[in-house]
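Enquirer: Sequence:
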Amino acid sequence: MNVASPTAPSREVGPLPRVLIVDDSRMVRASLIRHIRERYDFREEADGEAGWQALVVDHSIHVVISDLSMPRLDGFELLQRIRASNLPRVRDVPVIIISGDEDDEARAKAKTLGASDFITKGIGTVELLARIESAVRFSNQARELAASRAAAASKAPVDEQSGLPTPQFLHMHGDQVLSAAKRHDHETSALLVSIDNFARVERLFSRMVADLVMRKLAKMMALRVRKEDVLAQVGDGQFAIIAPNMDMPAAGVFAERLRTLIANTGMQYRGEVIRLSLSIGLANNRADNCHTVSQLIGLAAQRASACAEEGGNRTASSGGEAERRVWSSGLASIERALLLISAGDPDAVRPILPELMRRVLPLLQMAATEFQIAMPLEAIERALAGKE
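As numbered in our numbering, residues 191 to 578 make up the sequence shown, in order.
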């Protein structure tokens, strides 16, 4: 009588995670299938184009194992197409590359294109299953988070006055985000945005005008937060933002952009210009060792209050007040420039662009020589000379 392995899941319990194996070698595909068939469902394709079509139409695929050298569409092109997909399910799928130990250059290229892991042909069963199990776990977590976000987006209760999600929803969804962050070892940041001297706005104009100011600010912030962020009004002149997968430096860049925008924007009311400024406190689950949304928002609120007491129009995190000067000397300026560009704020980089280009020009010259590619270096040097 055949007895099933005690570690192998039963097919009657539910569908097994599906692994897509893409390799033009029938022997390699057969070898991999032999290793995994007791633990995983599988689908096999003989070239990259067929693998791509299978991935697009088959929603049950959790992991892709792909060779690099294949006809029609090779492994590099398949990987590049996957990572560029507009479908999150496809774009985020773990891709394990079949690679030889000696092919370091190919491995490096695949890693740059977004490969999740590498295995060698002839890999043992135990190690192969461990690699796939890790990839499947990541895939399941990504799908859970995507489903949670989709459900949240479709069911978020909205506050009638602000038009934003309610504070209750902010806390409920935020705790789910923190729970997912703990499982995946991700970071989550919170921002508490407070209008400086909000009571004075109400006193000078009226409660109706103060409400209009809050609604205007809510619209401006709603246009600038990411789709995965949650923004809610939590008090008079106060808003909270829960930002998953955002570390403290990125949160600081976003907070400074928001503070600067509001400081430079006047709100018109019956011929008068209402000038506002913001005090913004930041907190982060990892940097501040916070485990609940209440802790995150409470800490961010303390820091926003400290900003207001020091005169307002500033942001603060665990390291104290954020630098208002965007630029510092050395490589940090280049890193900050890249951070600002990725955060969607290229205008902040333009004033210092000539200086940055002068710093990277030797690197460009070396790259042109090393990779034997043509670069308009003389034109760049002439343009920079004109900026002196």
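Don't read these hints as lab results, they were simulated from the structure.
Glycine included, every Cβ here is placed at the ideal spot set by N, Cα and C.
Please note that a few of the clues may not be correct.
Using 25 Å as the maximum straight-line C-alpha spacing, the simulated PhoX-like pairs for lysine-lysine come out as follows [unchecked claim]: (1) Lys417 - Lys372; (2) Lys417 - Lys406; (3) Lys311 - Lys299; (4) Lys301 - Lys311.
Cβ pair distances, simulated, as ranges [stated by the list, open to error]: (5) Leu277 - Asp231: 48 to 58 Å; (6) Ala336 - Asp401: 47 to 57 Å; (7) Pro347 - Ile570: 48 to 58 Å; (8) Met362 - Ser275: 37 to 47 Å; (9) Ile542 - Ala389: 37 to 47 Å; (10) Ile542 - Asn276: 32 to 42 Å; (11) Thr455 - Ala336: 31 to 41 Å; (12) His249 - Glu462: 49 to 59 Å; (13) Leu277 - Ser324: 53 to 63 Å; (14) Leu394 - Ala575: 30 to 40 Å.
Enquirer: Does each hint fit the structure? Answer for all of them.
Expert: So, going through the hints one by one against the coordinates:
Pair hint Lys417 plus Lys372 holds up; C-alpha atoms about 21 Å apart against a cutoff of 25 Å. For the suggested pair Lys417 and Lys406, the alpha carbons sit about 19 Å apart, so the restraint of at most 25 Å is met. Under the criterion of a C-alpha separation no larger than 25 Å, the hint pairing Lys311 with Lys299 is consistent with the structure, at around 18 Å. Distance restraint check for Lys301 and Lys311: the Cα-Cα separation of roughly 18 Å lies within the 25 Å cut-off, and the hinted pair is therefore satisfied.
One distance hint, 48 to 58 Å for the beta-carbon pair Leu277 and Asp231, is violated here, with the actual separation near 21 Å. For the pair Ala336 and Asp401, the supplied restraint of 47 to 57 Å is violated, since their beta-carbon distance comes to about 36 Å. Distance hint check: the CB atoms of Pro347 and Ile570 are about 54 Å apart, consistent with the given range 48 to 58 Å. Against the hinted window of 37 to 47 Å, the Cβ-Cβ separation of Met362 and Ser275 comes to about 31 Å, which falls outside the hint.
Here the CB-CB span from Ile542 to Ala389 is close to 39 Å, well matched to the stated 37 to 47 Å. For the hinted restraint 32 to 42 Å between Ile542 and Asn276, the CB-CB distance of approximately 34 Å keeps it satisfied. Range check, Thr455 to Ala336: Cβ separation about 35 Å, and the 31 to 41 Å hint holds. Evaluation of the 49 to 59 Å hint for His249 and Glu462 yields a pass: the beta carbon distance comes to about 56 Å.
In this structure, Leu277 and Ser324 break the distance hint of 53 to 63 Å, their C-beta atoms being roughly 23 Å apart. About 52 Å separates the C-beta atoms of Leu394 and Ala575, a value inconsistent with the hinted range of 30 to 40 Å.
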